[in-house]
Every structure is written in structure tokens, then in C-alpha cells.
Amino acid sequence: MTGGRSPEEPTAEAGHGAGAGRAADHPFDRGLQPERTALAWRRTALALTVGALAGLRILPQLFGTWAVIAAGAGVVLSVAVLVAAHRRYRASHRGLTAGRLGSSLPDGVLPAVTAGLALAAALAGIAVAVAAAGAGGLLHR
Amino acid sequence: MTRLRRRFPARVYEVGDEPDPRFSLANERTFLAWIRTALALTAGGVALEALGLGLQPGLRLAASVVLVVAGTACPLQAWVGWMRTERALRQNRPLPSPMLSLPIGIAVVVVGVLLLLAIAFR
Chain A
1 MTGGRSPEEP TAEAGHGAGA GRAADHPFDR GLQPERTALA WRRTALALTV
51 GALAGLRILP QLFGTWAVIA AGAGVVLSVA VLVAAHRRYR ASHRGLTAGR
101 LGSSLPDGVL PAVTAGLALA AALAGIAVAV AAAGAGGLLH R
Chain B
1 MTRLRRRFPA RVYEVGDEPD PRFSLANERT FLAWIRTALA LTAGGVALEA
51 LGLGLQPGLR LAASVVLVVA GTACPLQAWV GWMRTERALR QNRPLPSPML
101 SLPIGIAVVV VGVLLLLAIA FR
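Chains as they are written, first to last, in the UniProt record's numbering: chain A, 1 to 141; chain B, 1 to 122.
Calculated directly from the structure, the hints in this document are not laboratory data.
Misleading hints may appear alongside valid ones.
As the list claims (entries may be wrong) - In silico negatives: residues of chain A with every beta carbon more than 10 Å from chain B:
| id | residue |
| --- | --- |
| 1 | ALA67 |
| 2 | ALA70 |
| 3 | LEU82 |
| 4 | ARG87 |
| 5 | ARG90 |
To be verified - Sample of chain B residues facing chain A (criterion: CB under 8 Å; computed from the structure):
| id | residue |
| --- | --- |
| 6 | GLU18 |
| 7 | LEU25 |
| 8 | GLU28 |
| 9 | ILE35 |
| 10 | LEU39 |
| 11 | ALA43 |
| 12 | GLY71 |
For every residue, glycine included, the Cβ atom is placed at its ideal position computed from N, Cα and C.
All chains should be built: construct the whole structure from the sequences, respecting the hints.
This is the structure:
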């Protein structure tokens, strides 16, 4: 995590006192944990978007026009995750620097949606792999 | 503190106390790393079948299927592991070990062996 610093370090605890938080233009944590988490969300959402765009290219070749709707929904939802992750960072930064915990912090809705999207992508991947094998590859058609 | 809204899933947030937020953030990043692993495995499996690469077709398909099945398991590990870890953090209990890391590791080894054979018998 943050180079072996103990959780009791005062800088990180500064945001915990109710109402006595530091100003919102300072990071909550000297280890920049919310910021690193925001970047992790960003690269995950972008990877999902790229995967959905690849699906938009590949799925209709194998499964016809209806697959465009599924892959298009994947693209839209992936971009929505990117936007929601940005809002999630803003909300958690505000909550943490204001010293609010509990219900003001993000919960598991966005992780659940993201896991669902990744699962859908993997199931589409199974369908593509099997169908491509049956058709003798994708690029040789 | 007034409770502004209920947090999802209740199974996680109904137990224990609010942990150090940095631990929750680290848990979230682990979740996201599993999601990206899922996408990488799926992309590898699809690319293998799409590109062909002149490999022995049966073994190539087997490797591809193992990859995409592992890619299906990862999001489940991501979500269930995130929930279990967040619960443990809230209850100040030892963290659970990732249930699927060994099966997924074995799957990747199997893929490597299958691809070696697919190169040998092409």
C-alpha cells in the first residue's frame, strides 16, 4: 500500500475528525489512495470500452445484426462506467476531506455493474471463440 | 451522523463499523485488477481463435476455451472477493484469501502447455 506507513499516521487521520476536516483542495491522503483508485477505475473502464468496441466490430460478423445492439449497449455502458467512476472519485474526495464517513462514501453499485459488464464480455468471448473456430477463424473469411 | 442513504449491498454494509477508508480503497483497486485480468484473459482467448497463427486447430481451440472460461471466472472472483474482504474489514477480521487464484493460475499453465503442443503438432 503506502510504503509501510502505519494506519495511525496523523496525515491520513486528519480527514477523519467530524467537521474538522482539511480543505477540499488538499488530497485526503498523502499516499493519494483516492487518486490511485480513480486511475485504476479509469484504466479499467477504458479497457472495457476498447473490448466493447472490438465486440461491435466482431460480434455482428458472427451473429448477425442483433449483436450490434448488444455490443452497442456494451459501448454505452462502458463509457457510463468511465463517467460514473469520475463522479465516484469526486464524491469520495468531498466526503473524506470533509471528515464524513459512512453513507457519504461510495458503495458497491458501480463495482457490481462493472463485474456484470466484464462477465458479459467474457461470455461474449466464449461465443466468439467457439463460433470463430467453427467458421475457421475470423480474419480468413 | 445521519444516514443519508442505504449503501449496496446490504450484506456488506449491515455488519461492523466503517473501516479506515484507505483499506476500502485498496480493496476496490484489487477488485478492479481482477476485472482487468478477466478482460485480458478473454481478449487472449478471442485473439487466439481470431488470428489462428497456424497452430494445430484442436489444441488452439482448447487453449482458447480455457482462456475465456478463466476470463468468466475472474469477474465472479472480483465481486465475491470484494464483498468478503469489505465485510472482513468492517468486522476487523482476517482477510479472506482469493478462492480462484489457484484455479486461474493452473488454467494459465494449462494454456501454456496446450499452446506448446499446438506449436509442436501444427
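**Report entry** Hints violated by the structure (listed by number, smallest first)
**Finding:** none
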